[in-house]
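Undergrad: Position chains E, L and W relative to chain Z; hints supplied.
Chains as they are written, first to last, in the numbering used here: chain Z, 1 to 431; chain E, 1 to 101; chain L, 1 to 101; chain W, 1 to 150.
Watch out, some of these pointers could steer you wrong.
The calculated label-pair distances, taken between Cβ atoms and stated as ranges, are [what the hints assert, rightly or not]:
{"hint": "1", "chain 1": "W", "residue 1": "A35", "chain 2": "Z", "residue 2": "R412", "range": "51 to 61 Å"}
{"hint": "2", "chain 1": "Z", "residue 1": "G81", "chain 2": "L", "residue 2": "D52", "range": "29 to 39 Å"}
{"hint": "3", "chain 1": "E", "residue 1": "S13", "chain 2": "Z", "residue 2": "P65", "range": "46 to 56 Å"}
{"hint": "4", "chain 1": "E", "residue 1": "Q90", "chain 2": "L", "residue 2": "E72", "range": "50 to 60 Å"}
{"hint": "5", "chain 1": "E", "residue 1": "D39", "chain 2": "W", "residue 2": "L42", "range": "42 to 52 Å"}
{"hint": "6", "chain 1": "E", "residue 1": "T52", "chain 2": "W", "residue 2": "D46", "range": "21 to 31 Å"}
{"hint": "7", "chain 1": "Z", "residue 1": "D292", "chain 2": "E", "residue 2": "E10", "range": "18 to 28 Å"}
{"hint": "8", "chain 1": "E", "residue 1": "E51", "chain 2": "W", "residue 2": "N39", "range": "29 to 39 Å"}
{"hint": "9", "chain 1": "E", "residue 1": "S93", "chain 2": "W", "residue 2": "L42", "range": "26 to 36 Å"}
{"hint": "10", "chain 1": "E", "residue 1": "T52", "chain 2": "Z", "residue 2": "E372", "range": "31 to 41 Å"}
{"hint": "11", "chain 1": "E", "residue 1": "P27", "chain 2": "L", "residue 2": "H30", "range": "34 to 44 Å"}
{"hint": "12", "chain 1": "Z", "residue 1": "E148", "chain 2": "L", "residue 2": "D52", "range": "41 to 51 Å"}
{"hint": "13", "chain 1": "W", "residue 1": "A26", "chain 2": "L", "residue 2": "S51", "range": "49 to 59 Å"}
{"hint": "14", "chain 1": "W", "residue 1": "A94", "chain 2": "E", "residue 2": "T52", "range": "18 to 28 Å"}
These are calculated hints, taken from the structure and not from any lab test. Backbone N, C-alpha and C define an ideal beta-carbon position, used for all residues, glycine too.
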Amino acid sequence: MTRFLTRRQFGTLVSASAATLAMPGILRAENTGRLLIIGGGFGGASAARFARINYPDVSVTLVEPQTSFVTCPYGNLILGGKRALSDITHSYDGLRARGVDVIHDRAQEIDADGHRVTLASGDVLDYDKLILSPGIGLRWNAIEGYDEAASEVFPHAWWGGDGSQISLLRAQLEALPEGGVVGLAIPDNPFRCPPGPYERISMIAHHLKQANPTAKILAFDAKEGFAKQGLFENAWAELYGDMIEWIPASGDGRIMRVDPGNKLFISEFGEEHSVDMGNVIPPQYAASIARDAGLANDSGWVPVDPRTFEAEAASDIHVIGDANIGTPMPKSGYIANSTAKTAVTAALAEMSGRPAWDDPVYFNTCYSHAGEDYGISVAATFRLSEDGIAATPDSGGVSLQGDLSEMARTRRLEARYADAWYDSITDDMFS
Amino acid sequence: MSTPRIRLPESASEGEEIEIRTLLTHPMITGVSSDDPRDMLTRFEARMNGETVFAYDFANGSAANPTFIFFVRAAAPGEFSFTWTHEDGQSVSAEESVRIS
Amino acid sequence: MMRQKLLAAAVAITCAGWPLTALGGDADGHMLAQACAGCHGADWGGQGPISDLRGYDHEAFLRAWAEFQADERPATIMNRIARGYSEAEIAALADYFSSLE
Amino acid sequence: MRFSRRSFVSGAAASAALVILPIRVAALDLSDDVAAHVNDILGGRDPREGGIELDAPAVAENGAQVPLTIRVDSPMSEHDHVTAIHIIATANPAPGIGSFHLTPHLTRAEVFTRIRLAEEQEYLVLAELSDGSVLQAAARTAVTQGGCVT
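This is chain Z alone, in the form it adopts within the complex (with noise of 0.2 Å):
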């Protein structure tokens, strides 16, 4: 007998025995299907905005545990001063008066089997189908040193969480002394939002330039290359001349220890870097929810079908965003954003009628901002091929190189364009 304890009713079940318990009351319709998410970002908020406007049929039950919505894409404007914090803040309303039934709690435990997920509250909810967007877990400690309290002294402002991480690494930059050394460890791939170490070492500089021009910046990275490299390369010799150092781990680039007490980053051949203030961005696997539920594989990310994004190791949840592995696109705002809705018509399929999307084509355009008016992207088109998501030939690439002199338009085209994916992909999250 499966007992019922959702906090409150939402909509009817599929199965006859279960429908016995409902209360006629609320029902909205017959064999309306529960879809819960899990996770109010760029995957959840966008899978749960799409389901009420395509299946209005469907109820929509969105866990999250922040009551507001901070994004990591334009945290790093905050490091330029470019933006507030609430400039980044988003609530979660317009999901409400869409009819999203939002519940502020932390999902604490998976039962596939059970079709149920309990909340951090007791409460136990369940779902014919659900949607899985936890984004990212930190792995406290593969940096040694680098745990959660390490991180209040190096913040990592790698989730947005209640903007606490990035505020305080803009605090930090603003007490910097005259001519600091700002230290970044960033990690090697897969990890969360590829671009963006650069475009934080962008606008720190472009803060430090009128701030406190002699200060400096090393960037201590586990990688040999990175996103839009030549161009953010270019960028930085014509903005900030010599203020940048990149660092790649063949010139001992990979930090393997930190010393927060003594402010320090030591690099793998033993070398003790001395910072004035330090922003680690750790290794990072799939949210702790998608690995305690069995869903993820060796390297910590979730494998799941390239069709419909369905968990390889369990049926009915459908993992989306960052959490997920095994496809060539980018951990991206842009392909959470986008898969969601190609998991959400797989999850609804059967129950609503209307097909799976069986041919999808996505692309990713993700936007940097390297200083005032200058905006640069990579764009990349895939599509479901007989070896899952591929890349498609000839498409894509990242803007055009050139010197600023010839360059300049384009720039602050792209800049603006940036601007405007910013407002674009957060009203079809939460407007």
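TA: Just chains E, L and W now, kept in the frame of chain Z:
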């Protein structure tokens, strides 16, 4: 040439496996694809207690900032030396010791 | 494993050519249009300098897209995106956007 | 600068990578100068496929720095060990990448370095053993130019 970076354990017991990592910052310019004059290392040698235990001959496909990781059976007295030799005959060396118990 | 999958993907990029699915059939304009909302506004109504796609003239849409693909229309990013779509998909997008009010 | 054993272990774990399956060398079509380079090393010997594990990225963001770990199945004893490992490019301006020289003082026939690949290509690995025989393997790495990759 720049100062070599070496990573070794401080101590090991006799016969124990130790991991050795080495890095020398060097551009390794082949002179093939640019106008820059050729600037290449030719050989790297690692010695333990005076005996060569590991070596590498560089060719054009060797990357800049040559890095090696290899595994040695520790033997007393645990004196290690590492030498990078340039094509022009100059070399740079580093010495390290591991306490062997 | 991840790296093997990436290897497979890399081979697909360079060798497989255009997948069969792109060659014809009924492309789903509604779903194809979803990704466009990420820049052109949540309901494709335009955003700042980015154009409104609702009610876009069918022929004009096809022409614009062909010009993007051929780099004959001023663009920052649309030219790069446009080249990733098949004729059937572009036609489905033109149908969809021209039908919106 | 020295490391404690603890930081040593975590370092090794952090750099752990997955293994790609070797490509059969016999299936490759080698250019004349690559074949000549290989024949110089072989000196008339007939190499066997297998016994070599290559760990390298299938896609490298930077062809100038492609990490490569080579593991040869060998006891590394006085009488049975790997004496040399050669890496050969098939599509670089010159075939030679580099040659390791190994001794029984090593606990395992496992080495790491970084190599240069001018473009996407296969690269060969030849391992010479103390009994005079030679093992061979190959792998392929694609080189991208800093796209927004995962």
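Undergrad: Give me the numbers of the hints this structure contradicts, sorted from smallest to largest.
TA: As far as the earlier hints go, 5, 7, 10, 11 are violated by this structure, in ascending order.
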